[in-house]
Amino acid sequence: MASGQIYIPPETFVLGELITLWPRVWTLSWREQIWLFCAHFEKHYHWPTFGLPNLNGFAAEAQKLRPQRLRPLIEAFYHYLARASNSSATRWGDKTPWNTYHLPSIARTFPEARYLWLVRDGRDVALSYRNAGLIPTFEAAALRWGEANGACARLARWSPHVLQVRYEDLVADPETVFADVFTWAGLTFTPAMLSTNVGQLGDVEQLHHHAGVGRAISTSSIGKWRGEIGKGELATAPAKFDRWLSHLGYA
Numbered sequence: 015m016a017s018g019q020i021y022i023p024p025e026t027f028v029l030g031e032l033i034t035l036w037p038r039v040w041t042l043s044w045r046e047q048i049w050l051f052c053a054h055f056e057k058h059y060h061w062p063t064f065g066l067p068n069l070n071g072f073a074a075e076a077q078k079l080r081p082q083r084l085r086p087l088i089e090a091f092y093h094y095l096a097r098a099s100n101s102s103a104t105r106w107g108d109k110t111p112w113n114t115y116h117l118p119s120i121a122r123t124f125p126e127a128r129y130l131w132l133v134r135d136g137r138d139v140a141l142s143y144r145n146a147g148l149i150p151t152f153e154a155a156a157l158r159w160g161e162a163n164g165a166c167a168r169l170a171r172w173s174p175h176v177l178q179v180r181y182e183d184l185v186a187d188p189e190t191v192f193a194d195v196f197t198w199a200g201l202t203f204t205p206a207m208l209s210t211n212v213g214q215l216g217d218v219e220q221l222h223h224h225a226g227v228g229r230a231i232s233t234s235s236i237g238k239w240r241g242e243i244g245k246g247e248l249a250t251a252p253a254k255f256d257r258w259l260s261h262l263g264y265a
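Per my numbering, residue 15 is the first one in the sequence shown, and the count goes up by one each step.
Heads up, a few of these hints could be off.
Unchecked claim - The following label-pair restraints were derived from C-beta to C-beta distances:
| id | residue 1 | residue 2 | range |
| --- | --- | --- | --- |
| 1 | GLY244 | LYS78 | 56 to 64 Å |
| 2 | ALA146 | LEU42 | 34 to 42 Å |
| 3 | ARG240 | HIS175 | 34 to 42 Å |
| 4 | PRO67 | ILE236 | 38 to 46 Å |
| 5 | GLY246 | ASN70 | 51 to 59 Å |
| 6 | SER209 | ARG240 | 29 to 37 Å |
| 7 | SER209 | ASP256 | 32 to 40 Å |
What the hints assert, rightly or not - With a straight-line cut-off of 30 Å between C-alpha atoms, the simulated DSS-like cross-links for lysine-lysine are:
| id | residue 1 | residue 2 |
| --- | --- | --- |
| 8 | LYS109 | LYS254 |
| 9 | LYS78 | LYS109 |
| 10 | LYS109 | LYS57 |
| 11 | LYS238 | LYS254 |
| 12 | LYS238 | LYS109 |
| 13 | LYS57 | LYS78 |
Bear in mind the hints are in silico, worked out from the structure with no lab data behind them.
Note that CB positions come from ideal geometry on N, CA and C, so glycine has one too.
Let's have the full structure, built from the sequences with the hints guiding it.
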């Protein structure tokens, strides 16, 4: 789906880590801070998904930033990526699930940011993680799902900017759900966006576990765990997994 109103790059993985560690680098010169910032992205093994040889051009631009602080640096970085992708969007976002481990730091840096909390049956999520080879066991994947949703729930307790959306509702009635999401985000939605070609996304084309992103929205993946996960494997999940399934309405 494409709207052209907001730019979202490939999954970054290091944004939250950068924000968390930044208080420790204040003694460095601004030039050194910029290069440390760039290195976190360039040296990550997913950097090729961004389709850029390096961030030398951004580093040169960032030297002129005022004030010389982290938030303007991050904002300038995402706008730089947008221009490099030929996007004219003035708003930006980030889709990296790993950000759930750094939500307090992100929220302090961007107090007005909006958070879309996409909830899905943890058994289907854990199965997907395991089958994609991203997490080796159902037990570990179930733990990750519980931790991520716990972090989102803690943020939602005090932040007025969190919207929870159920995956199952989204794929069953995408037009209604996306219309609500766009209204919440202050964006304009039209049903035609659901079938608009979004072009190259970087990580989607290069990473096999994103293979389904380009397919039509469907309900075919709901409840797949029932045919692929036995009782013995389900029993390996931590106790908090069952509690979160119940809390989120899946048990």
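The hints, checked one at a time:
1. GLY244 <-> LYS78: 56 to 64 Å: 59 Å, holds
2. ALA146 <-> LEU42: 34 to 42 Å: This hint holds: roughly 38 Å between Cβ atoms.
3. ARG240 <-> HIS175: 34 to 42 Å: Holds - the Cβ-Cβ distance for ARG240 and HIS175, about 35 Å, lies within 34 to 42 Å.
4. PRO67 <-> ILE236: 38 to 46 Å: 41 Å, holds
5. GLY246 <-> ASN70: 51 to 59 Å: For GLY246 and ASN70 the Cβ distance comes to about 53 Å; the hint holds.
6. SER209 <-> ARG240: 29 to 37 Å: Because 30 Å falls inside the window, the suggested range holds.
7. SER209 <-> ASP256: 32 to 40 Å: 39 Å, holds
8. LYS109 <-> LYS254: 25 Å, holds
9. LYS78 <-> LYS109: Holds. LYS78 to LYS109 sits at ~28 Å (cutoff 30 Å).
10. LYS109 <-> LYS57: Status holds; Cα separation ~20 Å.
11. LYS238 <-> LYS254: With a Cα-Cα distance of about 22 Å, the restraint between LYS238 and LYS254 holds, given a limit of 30 Å.
12. LYS238 <-> LYS109: Holds: LYS238 and LYS109 sit about 24 Å apart, inside 30 Å.
13. LYS57 <-> LYS78: 24 Å, holds
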